[in-house]
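Q: Residues per chain, in single letters:
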Amino acid sequence: MAKTVALTGNVACAQAMRQADPDVVAAYPITPQTTIVEEFSTYVANGLVNTEYVTVESEHSAMSASIGASAAGSRVMTATASQGLALMWEELYIASAYRLPIIMHNVNRTLSGPINIHCDHQDSMGARDSGWIQLFCENAQEAYDTTLQAVRIAEDHRVKLPVMVCLDGFIISHAIDRLDILDDDVAAKFVGEFDAPITMLDANNPITVGPFDGLHGSFFEFRRDQELATLGSVPVIEEVGKEYGQISGREYGLFEAYKLDDAEVAIVVLGSAAGTTRVVVDKLRESGIKAGLLKLRSFRPFPAEQIAEALAGVKAVAALDRSLSPGAIGAPLFQEIRSALYDQASRVPVINYIYGLGGRDVSMPNLEQVFNDLSQVAKSGQTGPVIRYLGLKE
Amino acid sequence: MTSLRELTHKEDYLTGGHRLCAGCGHSIATRQILMAADKPVVVGCATGCLEVSTTIYPYTAWKCSFIHNAFENAAATISGVEAAYNALRRRGKVDSEFRFVAFGGDGGTYDIGLQSLSGALERGHKMVYVCLDNGAYMNTGIQRSSATPKGAWTTTTPVGKVESGKPQKRKDLTAIVAAHGIPYVAQASISNWKDLQSKATKAFAADGPAFLNVLSPCPRGWRFSSDMTVKMAKAGVQTRFWPLFEVENGEWKLNVKVRDPKPIADWLKPQGRFKHLLAPGNEELLAEIQADVDANWDRLLRRCGVTE
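Chains A and B supply the protein sequences, listed in that same order.
Using our numbering, you'd call the opening residue of the first sequence number 1 and step up by one each time.
Using our numbering, you'd call the opening residue of the second sequence number 1 and step up by one each time.
Relax, there's no trap hidden among the hints.
The calculated lysine-lysine pairs, modelled on BS3-like cross-linking and capped at a C-alpha distance of 25 angstroms, are:
| id | chain 1 | residue 1 | chain 2 | residue 2 |
| --- | --- | --- | --- | --- |
| 1 | B | Lys93 | A | Lys189 |
| 2 | B | Lys275 | B | Lys150 |
| 3 | A | Lys160 | B | Lys93 |
| 4 | B | Lys231 | B | Lys257 |
| 5 | B | Lys194 | B | Lys234 |
| 6 | A | Lys259 | A | Lys290 |
Which stretches of chain B does chain A cover? Using the computed rule of at least three CB atoms under 8 angstroms from a CB of chain A, they are:
| id | segment |
| --- | --- |
| 7 | 35-48 |
| 8 | 51-57 |
| 9 | 61-72 |
| 10 | 94-108 |
| 11 | 119-129 |
Partial selection, computed: residues in chain A whose CB lies under 10 angstroms from chain B:
| id | residue |
| --- | --- |
| 12 | Asp23 |
| 13 | Ala26 |
| 14 | Glu52 |
| 15 | Tyr53 |
| 16 | Val56 |
| 17 | Ala71 |
| 18 | Ser74 |
| 19 | Arg75 |
| 20 | Val76 |
| 21 | Glu91 |
| 22 | Ile94 |
| 23 | Leu201 |
| 24 | Asp202 |
What the hints contain is simulated information worked out from the structure, not anything from laboratory work.
Every residue gets a Cβ at the ideal spot worked out from N, C-alpha and C, and that includes glycine.
Next up, chain A with everything else stripped away, as it sits in the complex (with noise of 0.2 angstroms):
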């Protein structure tokens, strides 16, 4: 019997990491993903798990191991945040270009400078191109459950891709959130054995792994197969999210339209503030304005089609960006919205909000203002300035 309980978004994922019982963990410690690892050392202390803890001295280290330990035929799984995401980079490339199924959370916070350890979505920004699908939770109960899911994602014969599981530092991982976890006995069949199709450590078929491109060029095509396994990822994250359903009454998909199906004026978000939104949407409808809400799960592989589907009979959409681009057009979640909506005969216009950088609240006036500004937008038809900023003092 899955049971309720009460845990903070970090020992929720901990404790999914507890039921994937990966065979090594290297990780290192940084606010807010801090306690994630403090939560593991404590299941591997007890010999609640068979896990190999590599407590490395860097993040770029985690990831190094991360990746010799992946490519060695072994479930691998970390956590980091902020800056520790990005003093791994190069890391996060390899990892990918490799094929290596790692599943690593990834406790939003901003980058410096200067510092600050809260909440925003610089961090996951800035590693959307590194081949990583990156999957986006709005609690501690998606955290958990987007998880075990993650681990089933990234070890898929069609993906081997790493998996970044997103959730939002602070908001979602130090609040206490109600949540039900599955049984260990069946989060460990639906995560499975892992079954690595090639490992370093078969004596009698030795391997070369990350061999040098220079001379024969075959590097534009690992890439284009990369891309092409990230796209291929779709209808498994699609499955995965059904059978999880199955076993939890907790269905996932690329994305959640919540009540989309007539909404004039809709929000596209990634993570905690959809909460927020929903709550908005809901007091709004009360009072007959037609608002809905997108709440993107999967920013990688990004779903443009599907988004556009849902979002092709509202009048005017708004995408809330919770990062900055400093001299680009709107910050990355509004230019690939406006992109997927661009080829749609509507050109629903869109505009760009950019919120809660550096952990600044984004609070239910601050929502129901982007909902009357659509409002407005949709009524005149004029979009207006295209990025605005909430909760910015001027």
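Start from chain A and add chain B according to the hints.
A: What follows is chain B alone, placed relative to chain A:
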């Protein structure tokens, strides 16, 4: 101790046909060290000459499993492989025993990979780390590293009107590694194959991390003829530039007592990178380099408890 005859019958993990330069010390060192492995090995390799020359896709010169990850992380990478091996052995998923060895150049070890190495040594993985020290970033075209000897010309310490090559002394990496208190640390040279063979055997047998720092002359970077490689290594030993010693469970031991050392100029002279030091006007710098060699030797003797 394996005889030379027995060694000639050992299978090479690194085959011929790789693209290392003629006269490169790396392949000599690598083959000699791997011959000492008593079990199948998995090799990790930092970015550098050895890696780019032995794994040009779709070819590989390695008959054992091999992993290249990046430049600064050969130690962390092989530590991950070793961790996976331990986990999979425990679960009964891997039957055969393996040994784990990482190779890095001096750039990848003394400089950019020092943190990764230090971390892996402190964690106590059962692995052998080999630094193939050719005294500069040779793969990128002879740039100075913290292993480059004082006075050496490199492309980033050129000899000019006001500079005479690298102004700084080398870092004593072997002593830094020894300070980690790991079971086995040694400095070796391809010129002394028996000594190297014995040290590699001890390294593979060590119950924990082991480190070998091996002098690997580079004809391109040192500017000498490619048939002189082993002689250049030998001269490094005979001039006391590269002392052969080991630190076994904290005990320092001098392996080759160079009783009648040749002057350091004998080692410098055949190398084009030191040409300027032997020109008139640089006598003071040459004397300084000799004094550094003498001081290093004296310090080593004290550590080894040897009196001359």
